[in-house]
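There are 2 protein chains.
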Amino acid sequence: MSKKKKPIGVVLLSGGIDSAVTAAIARERGFTLHALTVGYGQRHGIETRAADKVAAALAVAKHVRQHLDLRAFGGSALTADLDVPKADSDTLVAPGIPVTYVPARNTVLLSLALAYAESIAAADIFIGVNAVDYSGYPDCRPAFIEAFENLANLGTKAGVEGDRFRIHAPLLAMTKADIIREGVRLGVDFSLTHSCYDPSPEGLACGRCDSCRLRRQGFARAGIPDPLLYRNE
Amino acid sequence: MSKKKKPIGVVLLSGGIDSAVTAAIARERGFTLHALTVGYGQRHGIETRAADKVAAALAVAKHVRQHLDLRAFGGSALTADLDVPKADSDTLVAPGIPVTYVPARNTVLLSLALAYAESIAAADIFIGVNAVDYSGYPDCRPAFIEAFENLANLGTKAGVEGDRFRIHAPLLAMTKADIIREGVRLGVDFSLTHSCYDPSPEGLACGRCDSCRLRRQGFARAGIPDPLLYRNE
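Residue numbers (the working numbering), protein chains in the order written: chain W, 703 to 935; chain C, 703 to 935.
Hint data in this document are derived by calculation from the structure and do not stem from the laboratory. Be aware that a few hints might be false.
Straight line, CA to CA, 25 Å or less: simulated DMTMM-like cross-link-like pairs of lysine to aspartate or glutamate [unchecked claim]: (1) K755(W) x D891(C); (2) K764(C) x D891(C); (3) K859(W) x E848(C); (4) K859(W) x D771(C); (5) K755(C) x D865(C); (6) K764(W) x D771(C); (7) K755(W) x E884(W).
A few chain W residues that don't get close to chain C, going by computed Cβ distances all over 10 Å [unchecked claim]: (8) R729; (9) F775; (10) D826.
Bear in mind that the values here come from a model prediction, so they are computed numbers and not experimental data. All C-beta atoms in this analysis are idealised placements derived from N, C-alpha and C, irrespective of residue type, glycine included.
Please take these sequences and the hints and turn them into a complete structure.
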């Protein structure tokens, strides 16, 4: 009986909850993981250090890092000097496209993951986008993921000649609470993940930005304690 | 009488002939130019230095550089340690996808140009791809350009809410000789451009790689002297 080699899955790993759970799902589906972390001029390196820890905990086969300076382009709270919006209330995130939107971010991330996947003859790319909690981001919609898969199969040697690329976005229709429950089921260590847009110099999450609020609300709704320490606690 | 502001065109500028002519076309069409040069781990920095000279000669409003290490992914003659294929004959380039193909290169380049364009509220992106001389590259085909334009308008705030992005590839149906003639008409200084895959340490072009051969053949067919010095002349 021949032992079939496990297929490779390239996983975009940011250091946050969503990409960690996505990686754990890919692993459960039988993929050998190659992780790609893209630093894009965030004001802090905490998120990419979290990605290193998550990659180690998942025992990925390889972890590649790329750095871009999207600040050279200007225009977003996550990369430039705008104030990160905060709120003390536990209300839902405001409708519309948030100011923390990074121009064309997921297009850039997926294109780098595609270059990586084609380089190592992998056909499967995993991204932790989520259309429920991030409905304001155009590049978190199912139509965007489909359009990228179409592009990948037109714009690469592998897509034209060989295996067709598949873009997997397993969290697309899940709420944050669903994602956290799924992560717990898969043994993801959420104490390693980091999501805050505006951490303290020591790396403590603010607890009040959109990302922290979504995280805390998700843990509360899932009925699971958040292992992360917040600044004002 | 109000003077209308010129629209901004983001132009991918590599330092080669095609992108220089593309930029000159964009300028003639009335665009203020913002140039983007992406260094992607080439074995030499000569091409990106040529891009600096071309950008200066075109008097672009801004020139942004990004650097990626595609070598971290492995797998192409332009970025890894494979031998660049050479030939002494003046025959056409061999059919099929060349080994100098860089995985997903134009997808990565266009995604960065899109991030730049969205950041500065520009709707027009120019890329010097060419389906005639580079028929072996999947990401130089009209269908690829159309698919990227579709993606750009699904995956960005600007594409969804505002002006629709247009991806301009004015050289798509031109031969190298056509491109050179068009550059001469527009006053492009071809002595500043550089195309060799394998230059000497002093920066002299080899004259024999696919890119040099296409360039020399193009000048010969256009009946215009190539201002570039080659290594063995």
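25 Å Cα cutoff - pair K859(W), D771(C): holds (20 Å)
Pair hint K755(W) and E884(W), alpha-carbon separation not exceeding 25 Å: holds (19 Å)
Would R729(W) pass as off the interface with chain C, using Cβ distances and a cut of 10 Å? holds (21 Å)
Against chain C, does D826(W) hold up as non-interface, every C-beta pair farther apart than 10 Å? Given a closest Cβ separation of 15 Å, the condition holds.
Hint consistency between K764(W) and D771(C) [alpha-carbon to alpha-carbon, up to 25 Å]: holds (16 Å)
Verify the proposed pairing of K859(W) with E848(C), using a straight-line Cα cut of 25 Å. holds (17 Å)
F775(W) clear of chain C by more than 10 Å, beta carbon to beta carbon? violated (4 Å)
Pairwise hint evaluation, D891(C) against K764(C), where the allowed Cα distance is 25 Å at most: holds (19 Å)
Restraint status (C-alpha distance of K755(C) to D865(C) at most 25 Å): violated (32 Å)
Given the hint that K755(W) pairs with D891(C), does the C-alpha gap stay at or below 25 Å? Answer violated: K755(W) to D891(C) is near 51 Å, above 25 Å.
Comparing the model with each numbered hint stated earlier shows that hints 1, 5 and 9 do not hold.
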